[in-house]
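Undergrad: Each chain, letter by letter, is given below.
Number of protein chains: 2
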Amino acid sequence: MMKRILLGMVVLFMGSSFACAQGRQPKEDFVSSIMNQPGQEYPMVNSEGYARFRIMAPDAQSVIVSLGLGGSGGTVLSKDKDGVWTGTTEGPLDPGFHYYHLTIDGGVFNDPGTHNYFGSCRWESGIEIPAPDKDIYACRENIAHGNIQETLFYSPSQGKMQTAMVYLPPTYGKLENGKQERFPVLYLQHGWGENETSWGKQGHAGLIMDNLIADGKIQPFIIVMAYGLTNNVKFGTIGQFTAKEFETLLIDELIPFIDQHFLTKADKWNRAMAGLSMGGVETKLITLRRPEVFGYWGLLSGGQYAPEEIKDPTIVKYIFESCGSKENPDGINKSVEALKAAGYNAEGFISEGTAHEFLTWRRSLYLMAQKLFK
Amino acid sequence: MMKRILLGMVVLFMGSSFACAQGRQPKEDFVSSIMNQPGQEYPMVNSEGYARFRIMAPDAQSVIVSLGLGGSGGTVLSKDKDGVWTGTTEGPLDPGFHYYHLTIDGGVFNDPGTHNYFGSCRWESGIEIPAPDKDIYACRENIAHGNIQETLFYSPSQGKMQTAMVYLPPTYGKLENGKQERFPVLYLQHGWGENETSWGKQGHAGLIMDNLIADGKIQPFIIVMAYGLTNNVKFGTIGQFTAKEFETLLIDELIPFIDQHFLTKADKWNRAMAGLSMGGVETKLITLRRPEVFGYWGLLSGGQYAPEEIKDPTIVKYIFESCGSKENPDGINKSVEALKAAGYNAEGFISEGTAHEFLTWRRSLYLMAQKLFK
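Chains A and B, in that order, are what the protein sequence lines are. According to this note's numbering, the stretch in the first sequence is residues 8 to 381, in order. According to this note's numbering, the stretch in the second sequence is residues 8 to 381, in order.
Quick caveat, the hints were computed from the structure, so don't treat them as lab data. Heads up, none of these hints are tricks.
Remember, identical chains collapse to one label, so a pair may be satisfied in a single copy or spanning two.
List of simulated lysine to any residue pairs, SDA-like, C-alpha gap at most 20 Å: (1) Lys86 x Gly113; (2) Lys181 x Pro263; (3) Lys181 x Lys272; (4) Lys86 x Gln68; (5) Lys167 x Gly46; (6) Lys86 x Asp66; (7) Lys88 x Val115; (8) Lys167 x Gln47; (9) Lys318 x Asn352; (10) Lys241 x Glu48; (11) Lys167 x Ile143; (12) Lys241 x Gln44; (13) Lys181 x Thr271; (14) Lys272 x Val300; (15) Lys167 x Gln44; (16) Lys167 x Ala145; (17) Lys88 x Tyr49; (18) Lys186 x Gln267; (19) Lys167 x Glu148; (20) Lys275 x Asp319; (21) Lys167 x Ala221; (22) Lys181 x Phe160; (23) Lys167 x Ile150; (24) Lys241 x Gly46; (25) Lys241 x Gln47; (26) Lys251 x Phe264; (27) Lys167 x Ala151; (28) Lys141 x Met168; (29) Lys167 x Cys146; (30) Lys181 x Ala273.
As the structure is a prediction and not an experimental result, all values here were calculated from the model.
Taking the hints into account, I'd like the entire structure generated from these sequences.
TA: What follows is the structure, given as structure tokens:
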């Protein structure tokens with residue numbers, strides 16, 4: 008399982024999000040990516056999923072974009088007579104969000120055209136290929152929105168202040184008949200190289216929740232997104248990764264803090280844990296060791312549970328496992344079958360046409376959220 | 008007044024934050040800037056305020072940092088035999104926060120070593136020279152912290168969703184004897200080229216409030232930080248800037264939204280407006296046109312009020328005006344004198360040793376906050 012996630016992560020870092028590399032001419036209907044900084048025209052995307060880049064660096068010798076499968080492991084830009092570097096991916100990219108960076112004369116920099124997203128242990132450039140189902144994370148004008156707040160807490164085990172991002176639903180805190188409603192909580196973890204901002208920014212977790220609540224598909228709940236202490240883990244050591252430090256921070260420090268400072272329902276059957284990629288590894292390790300804390304478990308491109316690892320179908324109310332169709336669907340399908348056969352309430356989801364990237368996980372959150380706390 | 012702010016802004020953009028350019032050797036006690044990305048050693052700062060940069064770009068022809076007053080309007084880095092570009096500012100920088108960027112082979116990019124801060128209408132690199140009074144915005148472990156939340160609202164006049172950042176004090180929303188406390192609100196504006204995130208990130212507005220509240224220096228209040236629609240204003244047209252569009256968004260849309268969705272005291276004597284630089288220009292224009300909305304006014308490196316512009320000392324309870332000692336202290340001092348002579352409750356503050364930059368404004372917020380809503 009570790010090896011599969013590792014593979015998924017390596018594939019992601021190589022930027023191999025090509026749907027296919029056909030070498031034909033892209034349709035000339037390019038528009039600016041929605042992840043661009045204000046007023047920035049480039050990068051652009053077309054209706055087929057091709058991406059086009061434009062970088063000003065008149066005296067540079069070489070500019071390569073880490074997306075696409077060109078000869079140099081990316082899209083090699085060409086300089087025109089005005090000193091502007093441009094280039095288009097050789098084929099369409101998968102729909103959804105992709106991290107990338109530029110290699111300029113051998114140094115790694117961000118594209119000044121885009122906002123920045125924390126991935127690969129640093130702020131990276133990002134581009135969005137419009138997905139057919141992008142409405143699930145659309146920012147709608149005519150609905151009530153919750154908010155995502157930056158929450159500071161002290162971690163004794165880390166010896167320093169930590170930041171968690173907390174999604175609160177639109178009705179949070181309102182006084183009704185002299186009482187304030189309490190909400191269940193999903194602890195939702197990012198992947199390797201990401202941090203507490205990733206699910207909100209590139210994952211659109213808040214917008215997904217707002218839409219689900221507005222459409223009456225779920226009862227409101229809180230999402231807590233903490234930094235999973237994963238950035239120092241090296242690929243060579245992922246097999247030895249225990250998530251013990253994060254377990255201490257999460258169970259002994261963050262959850263008590265959240266239950267003290269927010270209007271939570273503070274018991275196992277109102278608490279879920281899920282994570283993507285290495286956040287799934289953390290989720291599996293911690294839920295198996297501390298089943299008294301979480302009643303709902305989710306692994307998003309983050310491995311699978313086996314019935315013999317859990318041993319007791321009554322300790323978990325619902326298990327969600329997912330991945331992209333370009334990852335390891337067989338592994339998910341077999342695991343879910345085995346869990347069901349052993350009496351677990353488990354569901355699998357294969358995200359069509361996506362790999363180890365955020366569209367897989369946005370879709371996963373959208374579906375999983377509808378099954379939690381029931 | 009417009010001209011002075013314009014000058015201040017131009018000076019800022021040229022990165023002229025030198026305390027002095029002595030040309031002597033800096034003390035070799037450099038440590039990583041606290042604005043660096045996790046695990047990044049460079050940029051570094053020493054105890055005298057010198058900054059040192061290190062950029063990997065082995066095949067580049069030229070790397071220039073936009074900070075300091077070297078021969079090329081910045082600090083020109085030199086390449087060593089390993090292809091690493093390094094350089095130190097010619098003299099110490101002013102204490103506090105400085106935006107900067109790199110010019111690599113004629114193109115503008117960010118330093119991959121630092122977090123990004125929205126300024127100059129784009130995400131820029133940032134560096135922090137430790138200030139003698141940095142405790143006022145320290146992130147303390149042993150106090151209660153409020154939070155800053157990203158709040159979405161629809162603006163009919165803009166025809167789209169807008170984001171405001173809202174600081175809520177630690178006690179916000181708590182139920183006491185079946186009631187929830189209501190709070191005054193400060194509407195706090197960023198400068199030209201910045202946005203709704205700037206006061207929280209580079210201004211540390213939330214930490215300043217947490218510290219003031221923890222130390223019993225103020226009664227808690229809410230701060231709303233909205234995007235002031237200033238980024239499309241060109242320097243050539245600043246003299247014609249009316250802030251009319253922002254007035255509509257602020258008065259007709261945002262304030263009603265905030266008063267509906269947050270526990271505010273929704274009247275003039277519990278509402279303040281202040282802003283830095285062009286946010287001060289907005290504050291002056293809007294408070295003078297709409298004195299019925301705001302009872303406390305603050306201009307931070309953003310011009311001055313004249314008694315004959317206000318005409319009535321009873322329409323404003325308190326006026327705060329400030330700037331850095333390297334800006335226009337005379338203008339502030341004369342204005343405050345004239346306001347006082349005309350019967351206004353006005354105070355001025357000159358930030359020692361700082362220019363048109365964020366340490367001036369952090370200090371200003373710290374002082375101004377102690378005088379609001381009294």
